[in-house]
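Residues in the sequence shown are numbered from 6 upward in steps of one, following my numbering.
Please keep in mind that the hints were generated in silico from the structure rather than gathered at the bench.
Any given hint could be a false lead.
In silico lysine-lysine, DSSO-like type, Cα no more than 27 Å apart, as pairs [what the hints assert, rightly or not]:
#1 K75 - K42
#2 K130 - K110
#3 K75 - K171
#4 K171 - K110
#5 K75 - K95
#6 K130 - K171
#7 K42 - K26
#8 K42 - K130
#9 K75 - K110
#10 K95 - K110
#11 K130 - K75
#12 K26 - K110
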Amino acid sequence: MTLLVTCSARGDQPSSADRIKAAAEEFDAGRRSYNAKDYETAATHFENADRDAPAPATIRNAIRARSDAKQPARAATLAVAALARYPGDKATAQLARETLAAADKRLHRAQVTCAPACSLLLDGKLAPLAEATEFVLYLDPGPHRVTAGWSGGRNREESVAAEAGKVSSLSFRAPAPVVAPAPTVTAPVAAASADAAPPPPPATGLPRPVFYTAAGVTAVLAGLATWSAIDMRSDPGRDRVRRDCAGRDESCGTYQDALSAQRRTNVLLAVGGGALLATGVIAYFTRWG
6 MTLLVTCSAR
16 GDQPSSADRI
26 KAAAEEFDAG
36 RRSYNAKDYE
46 TAATHFENAD
56 RDAPAPATIR
66 NAIRARSDAK
76 QPARAATLAV
86 AALARYPGDK
96 ATAQLARETL
106 AAADKRLHRA
116 QVTCAPACSL
126 LLDGKLAPLA
136 EATEFVLYLD
146 PGPHRVTAGW
156 SGGRNREESV
166 AAEAGKVSSL
176 SFRAPAPVVA
186 PAPTVTAPVA
196 AASADAAPPP
206 PPATGLPRPV
216 FYTAAGVTAV
226 LAGLATWSAI
236 DMRSDPGRDR
246 VRRDCAGRDE
256 SCGTYQDALS
266 AQRRTNVLLA
276 VGGGALLATG
286 VIAYFTRWG
């Protein structure tokens, strides 16, 4: 089974520099665990990487790792999410359909709705799904607890007696938030002056802190890209790849490590370039006066 080595952010959900770095670290940890045949740990790392910087290849690796860990319900749940998120990605769609081929006969399918959007816990563990209003969960036969959570510590829980080949529906509505009464403050009313000067016109343009923040993020990304490029050249390095992988195909572990480092560097360079362009646009619209 091929384990893809790439990690990049989805274009429709930009990630901060810290989240991109965290995703790259989780992805590398997942790759190492997978190569060591610790599939459940690898799947957890890939799911964490997908949560920080979603990408088709990352969720495919999570699906494969859950399948190899003999956790078909979790793999099927990820497969449904992958199909909904990347319907036009051929490799993702093919793997998801293969994973789901026998799921409806062997597993229990739960259709879950939330109002408003919620996050889900399954048996006390976070489901591998982003916050949403509709979900599909696959469950192994047996009793389960499904918990919907909202901000402010609000949650509701339902029990499911899962049966193979059966379908159930769960609907959650958030409890009303607890609002603390605001203190009553009586402010003195100043008498209007007939000779008072008119208020100044509102300032236009972006405040300078916005530019400084963008410049800071760009600098961090540049630093990460530089670090990644240096690390790519030194660990494992071209000479070590040639030495370790002479006469072997692309499955050579050292070659895969080098390929992973190269793709990580390419992602950081692309994101850094976008940040630099955005910083230039922000500088143009910044209120400097």
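Outcome of the hint check:
1. A hinted pair counts as satisfied when its Cα atoms are at most 27 Å apart, and K75 with K42 qualifies at roughly 12 Å.
2. Proximity of K130 to K110 is assessed by CA-CA distance (about 24 Å); at most 27 Å being required, the pair is judged to hold.
3. Between K75 and K171 the alpha-carbon distance is near 21 Å, which keeps this suggested pair within the 27 Å criterion.
4. In summary, the hint linking K171 to K110 is supported, as the alpha carbons are separated by about 8 Å, within the 27 Å threshold.
5. A hinted pair counts as satisfied when its Cα atoms are at most 27 Å apart, and K75 with K95 qualifies at roughly 24 Å.
6. Distance check on the hinted pair: K130 and K171 sit about 23 Å apart at the alpha-carbon level, within 27 Å; holds.
7. About 24 Å separates the Cα atoms of K42 and K26, which keeps this hinted pair within 27 Å; it holds.
8. A C-alpha spacing of about 23 Å is found between K42 and K130, which places the hinted pair at or below 27 Å, so the restraint holds.
9. Taking the CA atoms of K75 and K110, the gap is about 16 Å. The hint holds against a cut of 27 Å.
10. The straight-line distance between the Cα atoms of K95 and K110 is roughly 25 Å, inside the 27 Å bound, and the hint therefore holds.
11. Proposed proximity of K130 and K75 is supported: the alpha carbons are some 18 Å apart, at most 27 Å.
12. Proposed proximity of K26 and K110 is contradicted: the alpha carbons are some 40 Å apart, above 27 Å.
Hint compliance for this structure: hint 12 is the single one not met.
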